[in-house]
Amino acid sequence: NDLGLAINNQNIGHSNEELGNLDSAYHYYQISLEYNNKINSDIGRVICKTSMSQVHIKKGEYQKAIDLLKSVIPIARASDDQFHLAFCIVNYGWANMEIGNLEIAETYLKEALAIAEEFDLQDSYVETNDLLSRLESKKGNYKEALDYFKRSAEKKDFVINNKNNQYINDLVYKHDAVQKNIQIKNLANENEIVKLKLKQNQNIMALGLVGTLLLTLALLAYFRQRQKRKDQEIINLKRRNRIKTLETLLEGEEKERHRIAKELHDGINGDLSAIKYKLNSIGKNGTGTVDEAIEMIDKSCEQVRAISHNLIPPSLERYNLLEALEEYCNYMNESNDLTISFQHLGDNVLIEKNKEVNIFRIIQELVNNGIKHAEANEITVQISNRNDNLQITVEDDGKGFDPDKVQKRGIGLANIESRIEYLNANLDFESNENGSSYVIEIDTQKTYAH
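Residue 412 in our numbering sits at position 412 of the sequence shown, and the numbers go up by one each step.
Read the hints as simulated data drawn from the structure, not as lab findings.
Where is the CB? At the ideal position from N, CA and C, for every residue including glycine.
Any given hint might turn out to be false.
Below 27 angstroms or equal to it, Euclidean Cα-Cα: the simulated DSSO-like pairs (lysine-lysine) are [to be verified]: (1) 199 <-> 230; (2) 59 <-> 446; (3) 446 <-> 353; (4) 58 <-> 185.
Each pair of labels, with its calculated beta carbon distance range [stated by the list, open to error]: (5) 229 <-> 322: 37 to 43 angstroms; (6) 353 <-> 146: 17 to 23 angstroms; (7) 296 <-> 241: 35 to 41 angstroms.
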């Protein structure tokens, strides 16, 4: 029975895939495909190759999945099997999303969502909304990502409720079947009723208690799981609201820095330059006092540029985080009588611009603490990035401080800790008479949770 063998091998492969045995799953899908080729079943080939593509996706072999699906999508479209057509194009959109083909992914995922909605394919609807949420997040459209996530979560609850209700109905059915079997046995053995009546009544009662207990346990487990999900949703909502408040405060602070920097550069700096030009023209008469005034104005202009640079460093707008930090350390080296060295180890740092701004501000605050408070002679800034684990180290050889005695606000640690919390990061620091050391660890994948 080739059809039976094709179906059974497909089911064994699916079971192995659910257990995480991906290589075994792929092996049985290939066997199933051989039988489907033997009986020339188009829909069987669509099911097998789509299942094989899903194994490739789970193993991170996205291009292999795409190449496999290209050959079966036209066959799936030609069939009337909307369930497996949705299954096929969902995987195609998923694989394209993982390798960065976001426009292609969006086209196929939205097509799959339309099919799921039209034919009430609940599991496909949940999975497609979840993938579209991840897609919009990759594109930076967090509001749309949240909308898709909510739809997925709502339908997932509905699907889980239906499955739980089916499970409860199955228990009731089995309980009723047991009762009916007992009645049939009683009718068939009517002559034994008198002798066995007491024992049968005890059995019936025991079965009833077991059935009731099973129903109670199933309902209890269901409601506990539901309450756990609700509690987690409340925790997540509170956390998102807190992060949104922090983000609003930090964005307001950055806007204010922009405004002050612009006013310093366009206003005060322009006025001082005009005064310098005017005094320079008067200085041609040979008065030493005017030359001194010009020199003082030059220093004022330099101070204004330094303040503007600290408020909103232009390098962070033009370059990435590593380039901006290297330029900042070089600039501080030239502006101060101490040595500031910058080191980068590992991979490049690729995160959102507002996260780069917060990391830059943290390092800027720590360097300024080393200069102003610790009176350090040498400061080292090191960035290490490996496998989405970003580690920032800032060390100085200053006089240090006692964390229990020094007010956090006095050295900017309160502001630093606010930014640390916003980035989902961890801060560890030590300080003594030999200097201070700050270590910040950031999971760059978690920074996208906002």
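Going down the list of hints, with the structure as the test:
1. 199 <-> 230: violated (46 angstroms)
2. 59 <-> 446: holds (22 angstroms)
3. 446 <-> 353: The given pair, whose Cα atoms are some 15 angstroms apart, holds under the 27 angstroms limit.
4. 58 <-> 185: violated (52 angstroms)
5. 229 <-> 322: 37 to 43 angstroms: This hint holds: roughly 41 angstroms between Cβ atoms.
6. 353 <-> 146: 17 to 23 angstroms: Given about 20 angstroms between the Cβ atoms, the range holds.
7. 296 <-> 241: 35 to 41 angstroms: The hint (35 to 41 angstroms, Cβ to Cβ) is violated, given that residue 296 and residue 241 are roughly 51 angstroms apart.
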